[in-house]
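Asks: Spelled out, the chains give:
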Amino acid sequence: MNKMKLLCILSVFSLPSMARDDGKIILEKAMDQLLTMNVEMSMEITETDTKGRVKEKGYDILMAKFGDVEKTRMIMQKPDRAKGITIVLTNLPDEVGIIEVYTPANGKTRKMKATPQNMSRVGSNFALSNFASADYDAISCKLLGKQQIDSLSCYQLEVMEQSDSIIFKAEFMVEENTFHIVQIISYDEDGKQANITKLSDFQPINGTKNKIQPMLIMAEDIAGNKHTRMQVLNIFPRTDLKEEDFSIQGVGE
Amino acid sequence: MQEKIIQFRIPIVAASLAITLLALFMFPRLKVNPGLDNYVPEHIENRVYLRKLDSIFGGSEMIMVMLHTEDVVNASTLIRLRSLADQLCQLEGIDRCVSPLDAMEISYEDGFMVMEPFLEEIPQDIAEDESIRPRIMENPMASRFFAEDFSLVSMILSKNMQTSDTIIDVIKNVIAEHPGKEEVLIGGLPFIRYSISDNIKTDLTLLVPLAMLLMVLLLYFSFREWKGVFMPLIIVTMSIILSFGVMALLGWEISLITILLPIMLIAIANNYGIHMIARYQELSRKDGSLTMKQVSKQIFLDLKRPIVITGLTTIGGVLGLLSHSMVPAAQLGVLTALGIGFALMLSIWFLPALLSFFPIPKARQSPGQYKMALADRWLNRFSSWVTLHPVRIVILSATVGLIGLIGIFFVEVDTNLEGYFLGRSEVRRSTELINDKFGGSQFISVLFSGDILLPDVLKRMDQYEKEIAGDPAVGHVSSPVTMLKELSKGFYNPGEEGYNQIPASADEAYQFIEIFAMGGNEETVEQFIDYNYEYARMLISLKDGSNKTGKILHSKLQTMTQDDPNVEFIAGASLTKIELADMVVKGQYRSLVLAMVVVFILLSIVFRSPRAGVLSSSPLSVAILVLFGIMGLFGISLDIATALLSSIMIGVGVDYTIHFLWRFKVERNRGLDHKEAARVTLCTTGRGIFFNAFSVMVGFLALSLSNFAPMRYFSGLVVISIFTCLISALLLVPSIVILTKPHYLDRNSQKINSHE
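As given, the protein sequences belong to chains A and B, one line each in that order.
Per this note's numbering, residue 85 is the first one in the first sequence, and the count goes up by one each step.
Per this note's numbering, residue 352 is the first one in the second sequence, and the count goes up by one each step.
Bear in mind the hints are in silico, worked out from the structure with no lab data behind them.
We put the beta carbon where it would ideally sit given N, CA and C, even for glycine.
Be a bit skeptical, because a hint or two may be false.
Residues of chain B placed beyond 12 Å of chain A at every Cβ, according to the derived structure [claimed, not checked]: (1) Val559; (2) Arg780; (3) Pro823; (4) Gly841; (5) Asp858.
Below, computed lysine-lysine pairings styled on DSS-like, alpha-carbon distance capped at 27 Å [said to hold, decoys possible]: (6) B:Lys810 / A:Lys192; (7) A:Lys167 / B:Lys578; (8) B:Lys552 / B:Lys578; (9) B:Lys637 / B:Lys578; (10) A:Lys195 / B:Lys637; (11) A:Lys230 / A:Lys149.
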């Protein structure tokens, strides 16, 4: 009887740490399936505002990692007047990254510091990007339980990352059987829901081993009552990417 | 008929009470609408334009929240502003929220473009930072939120037309949750409307009982008998209830000028009851053997005709308001006419029926003896003047009329809501501060459509902006050009071609905005350029909200932009009142003419001569000239309330002439010559006229305590105009009658029942 009591007490005290570990394992497993580096993709984004007005944008995106340095390049394809606007994000380890912006209309390139404030300002519709290449040791992840999302049984994870003064907090729904991340709810500083992102149409990526991509991402900005539909048109692994591919000069020329 | 009143007295009383009760049950459906939009028909151009602006740019109604202290550039004030902004921007119904905290400071430093919110960091020692104030003033996106002397900092919340003005209550609650040493003031049209709504309720709850109390005192001191107080008062109360009940039934809303409805009914609708009570007292004193039933029948018989005639002329006068395009003015005309009509019926049927239930009072001294004696002295003087100097009186009246005519040329029209408030009220103070320190809270928008990012279009906007900004009536001008020039500072170095300049191509402009919007600045962009970059607007604030300023500026903008193919329209809430002012003037002319025509026709029929119609119009004409002359000479503007004066004055003022002519004819038929008939009429019916006019003036005096300036002016002017009608009826009309000796007042063919 005493042994039983001891077992129960031990279980109660060890559960939270077990849950945290389980959460991190589930998140890592889910993230491992995604191809977030050395990749090229085209994406069409349809933004709908509060009044139902629609704006369409198109991007060609490159993502790669060179040692500890992560680079992302986005070239706008749509609308016509924005065609050629290029944004290159460079994430540097242990220092503030750089955002480079090229505007083809005047041939100017401008650099901005990728401070957490600047990064948070550059649209936070897609919460996955905050965690996609994160250092998992810096992330706290807690398994909250299970929940049904669109009749799928999902793990409910609370994920937090602190970067300088900005705290990213989100709730991930990971499908129990496939470990697909099907929904992310991100929260603002006051703990209110800020965005809901739904991921679907998971497809394997040709030329990779066990890597998948959600081809349709629907994001809802709750405060702004805006909706964003992101359709991945194509995605390829690019192990051949070089740093020059992320040079603005290369684009401008 | 008089037999039936007594025979069916219970059903008459029961039916009257039932109708009143039914009307009372409608009261919960009553709504207050303090906006000016309510006054302007839906199809009016500016309203259509405003709706379009709302649909393109979101809420175009701006609420300004201001923090006021000696120097706002200090940590605690700015942190308080941030806390307020954080909470207020989240409120449901607020479409957009901008503050100096969002204003971007764009620069190019050490090879990096710096695009940061101006006051993202608020250090504790910000007050000591000598560079901060010049930086604020140099940044057009930040400086517009600060007063030049830094005594005020503001934020602007935009609401759409669907969001109720009661959002001000929520804003006030949020402000209360963030206390601080600064005074917090709210401004803008929605706040003005909110305050109007609040004051309408206060006025209705204060002025109606006050007018009633004045009337009770007047009636008591006149009749010295409670029956004489409560009977006319019951009739007034019932007619007010019926009018508001019909208002609720028809779904009409209580507006600012609705305050006039109960006051008008208190002042006018008791007159018929007063005549009935006066006659009842006269009869009961004269013949102690009469029973109350007999007295009731007799007063109906004696007074039904003059009361119906004066009632109909008053109804005709107030129905003149129907010709106003101002919707609430026309509604007021209908409701007052209904109220007066109901009071008329109650006075001739319900009052005798109710009176018949009471016992006849014991004979006693004449009521209101002292007052009557005073009135008598004046009326005797009048009769002497009239009989001795009729020509002088006519000349004097014509001279007064001519002076009034000169004053008419100086009458101005103003429908500015800002002018409604008096003294040091919060709304008046905040409006003055906004106008003085922030360049005004009333805006005019110029809407551009088409390829609005083309350099040619932007250059034209820039040109307009520079031209209009030089106008002393203009506070601030902002347009996409201001924003684009500011954005160029992030892409070009100082001194470089392109720095602080309009982008060289539409693509460049588009790309500047796209990059800026990507940085989370969509709200700043959407103030000037719509979501899909198809429309742009220039926002011009007016330092003073007067119609004159608005009209001049509107016309200047129209001339400036008339050949611009990209300018779709010029609109603004401040322009609605200009259209309203035009409607006020047109409505004034139309209602004046209509009321005069109705009165002329009615009196021509009653006295069977068109000359009687002309004669009855003469005191009204003098009163109209005096009224508008005073307004012009003393700088009192014609506004939504004072525009109603003439119809009301005609409706009420003509009664005195009717009473005079009626009795004059009776006296002529008795064989008196013109002078003697005039003298007797003045000394008998003159007292009734005097008392009647006095009661109307006392009723309207309650409005002098209104929270609204137009209502106070209305009160003073109505007293002046009724007084002029009274004096004209007692001096001018007898003089004309003595001089012209009209035949239609001599005939014996018409049977007239004396009511004196």
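Asks: Which hints, by number, does the structure contradict?
Replies: When the structure is compared with the hints, numbers 4, 5, 7, 8, 10 and 11 turn out to be violated.
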